[in-house]
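Note that UniProt numbering gives residue 65 to position 65 of the sequence shown, counting from 1, and the numbers run on in steps of one.
No lab work stands behind these hints: they were computed from the structure.
The structure displayed is predicted, hence computed values, not measured ones.
Just so you know, even glycine gets a beta-carbon here, dropped at the ideal spot from N, CA and C.
Hints may be right or wrong, so weigh each one.
Below, simulated DSS-like cross-link-like pairs (lysine-lysine); rule was C-alpha separation at most 25 Å, straight line [what the hints assert, rightly or not]:
| # | residue 1 | residue 2 |
| --- | --- | --- |
| 1 | Lys98 | Lys191 |
| 2 | Lys51 | Lys205 |
| 3 | Lys205 | Lys191 |
| 4 | Lys95 | Lys172 |
| 5 | Lys171 | Lys123 |
| 6 | Lys51 | Lys123 |
| 7 | Lys109 | Lys51 |
| 8 | Lys98 | Lys171 |
| 9 | Lys172 | Lys123 |
| 10 | Lys172 | Lys79 |
| 11 | Lys197 | Lys172 |
| 12 | Lys165 | Lys98 |
With beta-carbon atoms standing in for the labels, derived distance ranges [to be verified]:
| # | residue 1 | residue 2 | range |
| --- | --- | --- | --- |
| 13 | Met160 | Glu104 | 26 to 36 Å |
| 14 | Pro231 | Met160 | 37 to 47 Å |
| 15 | Leu167 | Pro23 | 22 to 32 Å |
| 16 | Thr132 | Asp53 | 47 to 57 Å |
| 17 | Phe10 | Pro119 | 15 to 25 Å |
| 18 | Ala211 | Lys182 | 25 to 35 Å |
| 19 | Ala115 | Leu167 | 40 to 50 Å |
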Amino acid sequence: MQNGGGLAQFAAANESLTATRPPEVSAADAASLPVAGLTALQALSEAAGVKLDVSGQPVNILVTAASGGVGHYAVQLAKLGNTHVTATCGARNVKFVKSLGADEVLDYKTPEGAALTSPSGRKYDAVIHCATGIPWSTFEPNLSTNGKVIDITPGLSALMTYALKKLTFSKKQLVPLLLNPKGENLNYLVKLVRDKKLKTVIDSKYPLSKAEDAWAKSIDGHATGKIIVEPSHK
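Generate the whole structure from the sequences, applying the supplied hints.
Put into structure tokens, the structure is as follows:
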């Protein structure tokens, strides 16, 4: 996968895609930023057009799977702007997602959560969709007139919906997100972590020798925050 990730003791990378880690930021805290953090940032600032400061117009945001790797960054980054954030997660993570700054949190297993209905009746201007298996028909009635669903893991169904909405000139759009990593964006995220405006929440850590266990936990889909794989020490 172009510009993708991997697991190794050492790796080579284009200098333009890297950022210097300041001493105030631990290696573990920085490790998730190049993919999960960048995905959340690109989804919000580029695909959704959210200004990550208070200069923008008020925006209603929904983040699905908000307790996961991309989701927990998306909630925090969104709250840097003039936003109202609704988030979905499992019941055990409701307090956690609220602690990240979410204004409203839905348990996705409740009727309201499954329907993605904002408790305050808001329509979403943008959805940062970090979950899977939610059809367009669930999103559409919850979107504002020009609302967008930014799908970070688009499958065939999402791509078909994207094409259909384009062909019919629909004001409501589904936008498949293809990550375009940039060193300047990574530097921005690192500085936010350094300044304690963004945090990496670590679910668990595994040595490289136990990478298979880390992948298994990741695939299970119930990690809170990020799973970190560290170099094995002899």
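Hint check results:
no.	hint	verdict
1	Lys98 - Lys191	holds (23 Å)
2	Lys51 - Lys205	violated (33 Å)
3	Lys205 - Lys191	holds (23 Å)
4	Lys95 - Lys172	violated (31 Å)
5	Lys171 - Lys123	holds (14 Å)
6	Lys51 - Lys123	holds (19 Å)
7	Lys109 - Lys51	violated (31 Å)
8	Lys98 - Lys171	violated (31 Å)
9	Lys172 - Lys123	holds (12 Å)
10	Lys172 - Lys79	holds (23 Å)
11	Lys197 - Lys172	violated (32 Å)
12	Lys165 - Lys98	violated (33 Å)
13	Met160 - Glu104: 26 to 36 Å	holds (31 Å)
14	Pro231 - Met160: 37 to 47 Å	holds (42 Å)
15	Leu167 - Pro23: 22 to 32 Å	violated (52 Å)
16	Thr132 - Asp53: 47 to 57 Å	violated (31 Å)
17	Phe10 - Pro119: 15 to 25 Å	violated (48 Å)
18	Ala211 - Lys182: 25 to 35 Å	holds (27 Å)
19	Ala115 - Leu167: 40 to 50 Å	violated (27 Å)
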